[in-house]
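**Q** Residue strings, one per chain:
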Amino acid sequence: MSNVKRETRNVTGLTLLDLAILFTGAGFVSLSLVERGRVDWVELWPASVLGVASLAAWLVLRRWLPLGDPLLLPIAALLCGLGLVLIARLAPNFLVRQVLWVVLGLGAMLGTALLPPAAHNLRWLRRYRYTWLTLGLLLLSLTLLFGVNPSGYGARLWLGLSRLYFQPSELLKVVMVVFLASYLAEKRELLAVGGTRLGPWRVPPLPHLGPLLLMWGFSVVLLGWQRDLGAALLFFGTFLAMLYAATGREVYVWVGAGLFLISAIAGYQLFDHVRLRVDAWWNPWPEASGRAFQIVQSLLAFAAGGVLGQGLGQGYPVFIPVVHSDFAFAAIGEELGLLGTLAVVILFAVLVYRGFRAALAAGDTFATLLATGLSTMLGLQALVIMGGTLKLVPLTGVTLPFVSYGGSSLLISFVMLGLLLRISAMSGEAGHAR
Amino acid sequence: MRGNIRRLVAILLAGFLLVGLTTGYWQVVRAPELLARADNPRLVIAEQRVQRGRILDRHGVALAYDQVDENGLTQRIYSYPELVHVTGFYSLRYGVSNIEAAYDDVLRGLSGRPALQAVVDDLLHRPQVGFDVMLTIDAAWQATADDALGERRGAVLVLDPNTGAILALVSHPAYDPNRLDETWETLRDAPDTPLLNRATQGLYPPGSAFKTVTLAAALESGLASPEEVFTDATGTLQVGDFTIHCRNHPGLTSFDLLHAYAYSCNVTFAELGLRLGAQRLATTARRFGFEEAPPLEIPAETSHLVLTSSLDELDEQKLATTAFGQGELAVTPLQMALVAAAVANGGQVPPVHLVQAIRDASGQWHEPTRAAARAAISPATAEKVRRAMILSVEEGRAAQAALLGVTVAGKTGTAQVGEEGALPHAWFIGFAPAEAPQVAIVVLVENGGDGGRVAAPVAREILEHIFGINNQ
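First to last, the sequence lines map onto chains A and B. Quick note: the first sequence, position 408, residue 408 per my numbering, numbers continuous. Quick note: the second sequence, position 458, residue 458 per my numbering, numbers continuous.
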């Protein structure tokens, strides 16, 4: 790639980043106007912090990772900015913490993208895959024993250290994708063509599939135990997607989908909280003021938004319980309208598309599978929560990446973004070296 | 591997497309239906943000207005709660009633706002501001009438006989529309039915006040003249098996028709009724407005000559008792006010109304179009009935309604009620000044006793205030 072309890409990235920061600033101006009737410049500090931090990150990337995808950072910054505006509007008590997490997240993104070992084609990640996995599962087990919920009720998915809380299942998302990418990169040939014939069927080579199933099953059981349905669904979906991408064998997908269906039915029969979610999804209307209150209020918020939205700070999304984490998308629907929700959908679609683009261009099996897994994970997570608030799928408590309140989720999303940035730069570097 | 990944991309992008379409489905296609759901809390907020127009009295005194708090939410304040039977109430829980209901569109600003203005206001989240409604009520007269009736159950109506404008409308017991939500259950179950507007919806036997209609029918039909002399020596009249009693004129045995009215002789009016027959009596009653609901802005009941049987079935006994105000008569105070007003107005029933004018977006007042007055009796008959009513106050049983310096025309009624041991309803209907009437008035005191001793003094107290007479 020529230097001129590279420079053009970076300038485009800067323009987009500026727009994202401007949008955030405009959001805070609009909030201030609605709430105080005048612009209180002090109120704009989160936009300024986001602006300074993301521009600094852009400078660092331009200097040390000039070949990285120029769209990823602006998209994440815009989604974060939108998230900050929503949190300032819906749960102002959490605003300072969220800003802090955004800054830390940007740091984590740079760290993952630029750490010296990462420059060596992510070999360190690949080599120590069992270490990562053991660490992740250990953390998850610790949560089982010592888990808390900062709000005092609900699923106990956090590990607390004085006033800091962390959700190990978020970290496990990355660890799991890294492990799968590494394992599949090594064994994919075997899994794709191997196996013994049993009548008309070809049975997959169980010895090689075994460890995969074991690891995956362990994490899903742990998550099921913790009632973290959303995370379990993401793990399962990402696992199947990566298996399919690596082997191209649709049979894995069908068997997996069948297993999923069976466990879903079993879960419905066995667990009240699963039944509640599914019932509220299938037909919420008879229990609109009872068990399906949240989802019905969510749909009412979307309806209230219409095409143009009520305007920031001018709708009533607070009628939805815990709107700032699980229902951020519904709040966007009410206050920014169909235009706002479609914009968010398109942003995620572009983010995911760029991630896959990096995967296809990586020229290294491990990196390709890693980028595929990360993009699938991000995309599925966005789809599952957006679809959940829209009554398209049963509601699960996952965050809208970069937008919802939640430190662990934000941090891990940025780590995933950092890895994608790193992988997106690899094709250019390879070409450069040639 | 590349092909597999491309297929994955396609699946995920299809997912995003599906989510995008679903947002459109809820935000556009299903939105109107969802927003209209009763469990949409935004409806209550939107409702609370509407700044309803004020309800004013004829001099611009605010009877009902909205107070707006710092969050832009409004609260309806009734500065004259006793007028609830006219203004009605506005409640998020129980809806609207009376004028609040009849003029809801105007008060909410739904009608009368240019369409473009409505769209712009909506887009900018400007509160919807409604328009004022001015009533014909005179708050000061209303207060006097409220005080005059006092704690007694009953109704008072004061109206302008020339225009049909209601100047005061009292129905006791009343209730406080400011505290409706807390008191609703009690009000609904209270034995003295405070939610009933006795002035327009209460149906009562009118007693001798109805003799005004019988007199008008007899004179209008030419079957009797003012000079005709009637005799009642025994105070009884035998109609079939039934004996009619009259104890209203001790010592007097014969009198002309107008004096018979003034002394309220039951025997004379029973004879008149029999002479007229049911059809003639009914025709005149209908011309005064019986058997159809008065076209008032607030709910008003239909008054009936006979409640259960049909006119053709009316036997002689029923006809005779109906003619002097008992029988099956079921009449609202409003209907009796219209009878008095028609006599005062040369035989024309004026179009009764409560709303003087409504305001438009530019602040201009507009009078609603009203029906024309309807002839009930000829001016000549009206003049004769007027003379009878003057006699009734000057020499007869309505003497306690007499004023210093202002001639009052009137008629009392003491209506027997069915229940054992209950006092009769006390009535007074009339108008003043008799020569050039400015107000017609009706007083009803439920189970109050004698009309002349109970209802007539209430009317006098109100008329004294209206005409500025100090009797003390």
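Keep in mind that the hints were calculated from the coordinates and are not lab data. Here the structure is a predicted model, which is why all the values come from computation and not from measurement. Idealized CB from N, CA, C, for every residue including glycine. Where hints are given, some of them may not hold.
Unchecked claim - Chain A is faced by these chain B residues, among others (derived, beta-carbon under 10 Å):
#	residue
1	Met1
2	Arg6
3	Ile11
4	Phe16
5	Val28
6	Pro32
7	Pro127
8	Val129
9	Ala174
10	Tyr175
11	Asn178
12	Val417
Stated by the list, open to error - Covered stretches of chain B, going by a simulated chain A footprint (3 or more residues, C-beta under 8 Å):
#	region
13	182-194
14	308-317
**Q** Hint by hint, say whether it matches the structure.
**A** Hints versus structure:
no.	hint	result
1	Met1	holds, 6 Å
2	Arg6	holds, 8 Å
3	Ile11	holds, 8 Å
4	Phe16	holds, 4 Å
5	Val28	holds, 6 Å
6	Pro32	holds, 8 Å
7	Pro127	violated, 12 Å
8	Val129	violated, 18 Å
9	Ala174	violated, 36 Å
10	Tyr175	violated, 31 Å
11	Asn178	violated, 27 Å
12	Val417	violated, 49 Å
13	182-194	violated (count 0)
14	308-317	violated (count 0)
When the structure is compared with the earlier hints, violations turn up for hints 7, 8, 9, 10, 11, 12, 13, 14 and for no others.
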